[in-house]
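Asks: The lines below spell out each chain.
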Amino acid sequence: MSKATFVYVIYIAAEPKAVWNALIDGEATKRYWDHLNVSDWKVGSKWEHQRADGTNAVDLVGTVVESAPPRRLVITWAFPSQSADPEQRSRVAFDIEPHAGESTRLTLTHDDLEAGSDMERGISTGWPLVLSNLKSLLESGKTMPLRG
Amino acid sequence: MTKSRFLYVVYIRTTPERLWDALTKPEFTRQYWSGTTQASEWAVGSSWTAFTPDGRAWDVGEILEVDKPRRLVLTWRNEHFPEMQAEGFTRLTYDLEVVQDAVKLTLTHEIDRENSKIIAALADGWPAVLSSLKSLLETGQSLENTREWPKGL
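Residue numbers (this note's numbering), protein chains in the order written: chain A, 132 to 279; chain B, 280 to 432.
Honestly, the hints are just simulated from the structure, not real lab data. Please read these numbers as outputs of a predicted model, since none were measured by experiment. Certain hints may be false.
[Said to hold, decoys possible] Restricting the straight-line Cα-Cα distance to at most 27 Å, the calculated cross-link-like pairs of lysine-lysine (BS3-like) are: (1) B:Lys396 - A:Lys134; (2) A:Lys134 - A:Lys177; (3) A:Lys134 - B:Lys282; (4) B:Lys383 - A:Lys273; (5) B:Lys383 - A:Lys161; (6) B:Lys383 - B:Lys282; (7) A:Lys161 - A:Lys173; (8) B:Lys304 - B:Lys430; (9) A:Lys134 - A:Lys273; (10) B:Lys282 - B:Lys396; (11) A:Lys148 - A:Lys173; (12) A:Lys177 - A:Lys148.
[Stated by the list, open to error] Chain B stretches covered by chain A per the calculated footprint, using a threshold of three residues with CB under 8 Å from any CB of chain A: (13) 284-292; (14) 403-417; (15) 420-429.
For glycine and all other residues, C-beta sits at the position ideal for the given N, C-alpha and C.
The shape of chain A in the complex, shown without the other chains (with noise of 0.2 Å):
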């Protein structure tokens, strides 16, 4: 079974600062992410990805590696049924930068994903609507939304 990374780069007009608030705060992760991101975001800490449409159902699971605002945040990443097996967690790390007038570099590597798998499949699509909608919304105040 091979591994498989995803990358993702995108510039922001917003302050780091801003881009590692919108990735944590609800307020924000609700209009751009349909979900909240619910962690205390120490190092060894547990996270999940929880619906925001009332539910609060947990839709991804994982904990906090490494968490260094705002230029770093790495988390693993798995479904809650496969959280139990390392080899269905991946990781996810953050990679914000600042950039030239005021605003950021956002680099998003995903690795240790299976190759072929579901997921990898799922988070190919799924980050570039998710960044592309966080930068719609930290540059607009608008967000798009997410479902057809």
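Using the hints, position chain B against chain A.
Replies: This is chain B only, laid out in the frame that chain A set:
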């Protein structure tokens, strides 16, 4: 067949017609694509050239497919850097798909050789160009360091 490929998807709150114009017309490209413009008749078989602000032909190619405003495919060879020019023509595809009140832009840039230097360079440049294009269409302002041609280049 394709040995080096860069794929990038971005969602932009705009219409396909507006996005098509922004990808091709000089009054748009100058703002988010380092001051460059593109010259073409935009028909199958037409030549295509990307010009620097001072009028140098930086990249050249030919239009392969036009299905406005859904799909545009062209060949693209860099004329400035010898090792990139030597790699020959790359193939660039823009696919524009309506998704509710936004457009999903899928960009594929590829060449039939392994470890391509031109594709590696483009992979580095495209996210900045497309991020700036998205900012321009959604906020009226492109991103700050994408508006001018780099000095000395």
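Asks: Indicate, hint by hint, whether the structure satisfies it.
Replies: Hint-by-hint comparison with the structure:
Distance check on the hinted pair: B:Lys396 and A:Lys134 sit about 25 Å apart at the alpha-carbon level, within 27 Å; holds. Proposed proximity of A:Lys134 and A:Lys177 is supported: the alpha carbons are some 24 Å apart, at most 27 Å. The suggested pairing of A:Lys134 with B:Lys282 holds, with an alpha-carbon distance near 19 Å, which does not exceed 27 Å. Annotation: proposed proximity of B:Lys383 to A:Lys273 holds, straight-line Cα distance about 16 Å (limit 27 Å).
Our distance criterion of 27 Å between C-alpha atoms is met by B:Lys383 and A:Lys161, whose separation comes to about 21 Å. Distance restraint check for B:Lys383 and B:Lys282: the Cα-Cα separation of roughly 25 Å lies within the 27 Å cut-off, and the hinted pair is therefore satisfied. Note on A:Lys161 and A:Lys173: the hinted pairing holds, with a Cα-Cα distance of about 22 Å set against a maximum of 27 Å. Between B:Lys304 and B:Lys430, the direct Cα distance comes to roughly 23 Å. Compliance with the 27 Å bound is thereby established for this hinted pair.
A hinted pair counts as satisfied when its Cα atoms are at most 27 Å apart, and A:Lys134 with A:Lys273 does not qualify at roughly 36 Å. A hinted pair counts as satisfied when its Cα atoms are at most 27 Å apart, and B:Lys282 with B:Lys396 qualifies at roughly 12 Å. A threshold of 27 Å between alpha carbons decides the hint, and for A:Lys148 with A:Lys173 the separation of about 17 Å falls inside it, so the pair holds. In summary, the hint linking A:Lys177 to A:Lys148 is supported, as the alpha carbons are separated by about 22 Å, within the 27 Å threshold.
Closer than 8 Å: that is the beta-carbon criterion, and the segment 284-292 of chain B has 6 residues meeting it against chain A, so the requirement of 3 holds. For the segment 403-417 of chain B, the assignment as covered by chain A holds, since 7 residues bring a beta-carbon within under 8 Å of that chain's beta-carbons and 3 suffice. With a threshold of 8 Å between beta carbons, the proposed coverage of the segment 420-429 of chain B by chain A holds, since 4 of its residues qualify and at least three are required.
Checked against the numbered hints above, the structure breaks only hint 9 and satisfies the rest.
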